[in-house]
Amino acid sequence: MVAAIRVPKTQRARRELLKHAPKLVETSKKTLILHGTKTSAVLNSVLSDIYHLKRDNAVKYTKKNDNIRPFESGGESSLEFFSLKTDCSLIVYGSHSKKRPNNLILGRTYDHHIYDLVEVGVENYKSMESYVYDKKLAPKLGSKPFFAFIGEHFESAEELKHLKEVLLDLFRGEVVENLNLAGVDRIYVCTAISPTTVYMMHCALRLKRSGTSIPRMELVEVGPSMDLVVRRHRLPVESLKKEAMKTAEHAKKMKNVTKDPVQGKLGKVYMPDQQVGKLTLANDIKGLKRERREAKKNKDDSKKQKVNPE
Amino acid sequence: MAEGPAATTIAASSYEVDLGNLMAYDPSHHIAAASREELRQECLRKGTELAQALADALFALPPNEDRDGPIVHLSLPTVRLPREKHLPKPKPPTKWELFAKVKGITKRKKNKREWDEQTQSWKRTYGYDRVNDDKDIPIIEAKSTDEPGVDPFAQRRDEKKKRVEKQEKNRLENLKKAAKIGALPRLLSFTSKCCFPPPLYYECLFVSGRNLAELQLSNIFCMQSIQLAAKALPIIGTKADLPKKSRKEDLESVVGMASSATASGGKFDEKLPDEKPPKHPGKHRKFLPVAEGKGMGSLEKQQNDKILNSLLARNSDEPLDVGKASSRIQPLT
Chain D
1 MVAAIRVPKT QRARRELLKH APKLVETSKK TLILHGTKTS AVLNSVLSDI
51 YHLKRDNAVK YTKKNDNIRP FESGGESSLE FFSLKTDCSL IVYGSHSKKR
101 PNNLILGRTY DHHIYDLVEV GVENYKSMES YVYDKKLAPK LGSKPFFAFI
151 GEHFESAEEL KHLKEVLLDL FRGEVVENLN LAGVDRIYVC TAISPTTVYM
201 MHCALRLKRS GTSIPRMELV EVGPSMDLVV RRHRLPVESL KKEAMKTAEH
251 AKKMKNVTKD PVQGKLGKVY MPDQQVGKLT LANDIKGLKR ERREAKKNKD
301 DSKKQKVNPE
Chain V
1 MAEGPAATTI AASSYEVDLG NLMAYDPSHH IAAASREELR QECLRKGTEL
51 AQALADALFA LPPNEDRDGP IVHLSLPTVR LPREKHLPKP KPPTKWELFA
101 KVKGITKRKK NKREWDEQTQ SWKRTYGYDR VNDDKDIPII EAKSTDEPGV
151 DPFAQRRDEK KKRVEKQEKN RLENLKKAAK IGALPRLLSF TSKCCFPPPL
201 YYECLFVSGR NLAELQLSNI FCMQSIQLAA KALPIIGTKA DLPKKSRKED
251 LESVVGMASS ATASGGKFDE KLPDEKPPKH PGKHRKFLPV AEGKGMGSLE
301 KQQNDKILNS LLARNSDEPL DVGKASSRIQ PLT
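Here the protein sequences line up with chains D and V, keeping their order. Per the UniProt record's numbering, the very first residue in the first sequence carries number 1; after that it's consecutive. Per the UniProt record's numbering, the very first residue in the second sequence carries number 1; after that it's consecutive.
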């Protein structure tokens with residue numbers, strides 16, 4: 001009997017499916033890194049660096065994919081399929097062409113459909129290997145990074161506002177409630193050097209002893225640094241954006257209900273002012289009769305007036 | 001955004017600090033430096049300032065001392081980022097749950113083992129070697145209502161089978177209801193509309209078993225792809241009569257056939273977003289090149305030879321083809 005609904009038969013399959021199921025409070029997003037038919041040496045290095053930065057929750061595809069054109073209407077189906085298969089909601093797609101050299105498309109998905117895209121070009125790239133520093137300072141994998149955004153263009157330019165949001169989403173890591181202060185060791189410094197360009201650096205943090213209980217911060221450049229030039233971007237559709245920004249509804253606070261340890265649950269009931277003096281008396285028969293008689297008389301008079309002109 | 005003035009450093013600049021995301025933003029204008037190296041130094045300096053502002057804000061929070069280090073409780077991030085999946089929808093109550101609610105039936109815990117009177121031992125409540133197994137009944141006493149030729153054991157077996165099938169049907173119905181409102185976790189093969197071109201893709205759902213013949217499954221998972229309702233199995237008929245599941249190649253050839261209906265052979269037909277271009281674009285005849293060489297080229301000669309040979313062979317009076325015959329000679333032994 002082959003039914004249309006496939007339900008997992010083993011516990012392992014069931015657990016895997018539950019991992020992919022939507023959760024009330026979401027934590028980390030997985031990233032998918034892939035490239036198109038043509039890449040350059042710089043782009044390969046960029047993609048592998050991003051993969052190393054996000055090693056725990058990223059998937060890197062090594063083969064080339066030739067039918068991905070995210071900015072065209074039909075060309076995103078492959079991306080959506082990969083997102084569904086690997087359960088990744090962040091996509092980093094690299095491609096290189098004469099018109100758009102060292103092109104990087106950062107995309108987000110909602111429910112495995114493309115939510116928004118930002119296309120950036122990578123310039124002045126320096127890879128992680130080219131930096132020489134004391135290895136003890138190297139930031140640990142999976143640590144939550146600091147973010148520093150500098151420049152008024154992040155507020156004034158639409159594209160940079162969008163890029164800021166996407167970079168935050170890409171590198172932020174897990175959303176945690178409790179943070180171990182001893183474990184902060186990296187920072188992403190993004191400077192808007194023009195209305196379309198962001199100079200991004202990745203540095204390690206060094207906490208130095210200072211007089212007070214707050215340590216003195218020192219930045220040591222460790223990671224890749226590159227200039228991101230925003231080429232194109234696609235903002236999310238309004239309806240989709242509204243749906244994606246919905247948060248889990250918290251249980252509504254019940255008003256006028258208190259819990260007393262002795263008496264139990266107590267409630268307050270507020271009665272509106274009844275205004276007894278203004279109530280009409282229902283049993284004034286005489287008055288009613290008279291009213292009815294008068295109303296009937298008035299109605300007949302008005303009817304006679306209507307009939308007569310005819 | 002929480003305004004956190006950096007009191008320790010420059011009082012004039014105010015940074016926007018988002019502790020939930022560990023983010024600091026300096027909206028003041030950043031002067032462009034002359035060279036790359038200067039720019040880098042300037043960015044590092046500014047970055048240090050912002051990191052210091054963040055550290056000030058973080059270390060100001062009351063820490064819980066843990067063996068790994070001081071742990072602080074972060075507030076919710078002010079910059080809200082979109083979710084990656086929709087909010088989970090609660091599963092609708094099953095048919096049994098609704099009934100139980102109406103009747104006031106509550107769940108009771110069953111023990112894993114029960115005392116079996118027949119074998120005087122503790123047996124499982126379910127599974128292998130269970131307590132009240134149907135198979136273990138040795139004798140069924142005949143009732144006055146029983147007909148003479150009926151086998152009560154077979155009857156019991158059939159009834160059990162029917163009960164199991166009914167339960168399976170109800171389970172599938174419940175799952176279908178849950179899937180309709182989107183409460184089930186998304187399954188790979190049936191949900192993504194991006195796998196198959198929408199109008200050409202239709203699900204052929206095989207529903208076998210006479211009890212499930214009434215089930216009409218349509219539009220369960222696929223949001224936008226058009227689905228034909230499953231054709232119920234005929235009451236009579238074999239597996240060969242079932243409509244075969246169309247392969248991708250068949251569907252593509254159908255598209256090719258349909259395109260021949262237009263005067264331009266489907267060249268200007270509006271293509272769907274996922275449709276691939278046709279495999280044999282227009283060329284169905286092979287023409288020889290116009291200029292091949294001096295006089296009759298070898299290709300033209302070959303073509304003419306082929307035609308002549310086939311004509312002559314058809315019209316020749318010789319019934320025997322010596323060449324063919326000689327190849328078929330077998331030594332008589």
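Quick caveat, the hints were computed from the structure, so don't treat them as lab data. Where hints are given, some of them may not hold.
To be verified - If the Cβ cut is set under 8 Å, some of the chain D residues that face chain V in the computed set are:
no.	residue
1	Q11
2	L18
3	A21
4	F146
5	F147
6	E155
7	A157
8	L167
9	D169
10	T196
11	M201
12	L205
13	M217
14	V262
15	L266
Stated by the list, open to error - Chain V is nowhere near these chain D residues, computed Cβ spacing over 10 Å in every case:
no.	residue
16	K23
17	K38
18	M128
19	E177
20	K241
21	G267
22	M271
23	L281
24	Q305
In this text, a Cβ means the ideal position worked out from N, Cα and C, and glycines have one as well.
Tested hints:
no., hint, verdict
1, Q11, "violated, 14 Å"
2, L18, "holds, 6 Å"
3, A21, "holds, 4 Å"
4, F146, "holds, 5 Å"
5, F147, "holds, 4 Å"
6, E155, "holds, 6 Å"
7, A157, "violated, 12 Å"
8, L167, "violated, 10 Å"
9, D169, "holds, 5 Å"
10, T196, "violated, 13 Å"
11, M201, "holds, 6 Å"
12, L205, "holds, 6 Å"
13, M217, "holds, 4 Å"
14, V262, "violated, 30 Å"
15, L266, "violated, 28 Å"
16, K23, "violated, 7 Å"
17, K38, "holds, 21 Å"
18, M128, "holds, 16 Å"
19, E177, "violated, 6 Å"
20, K241, "violated, 7 Å"
21, G267, "holds, 26 Å"
22, M271, "holds, 34 Å"
23, L281, "holds, 46 Å"
24, Q305, "holds, 61 Å"
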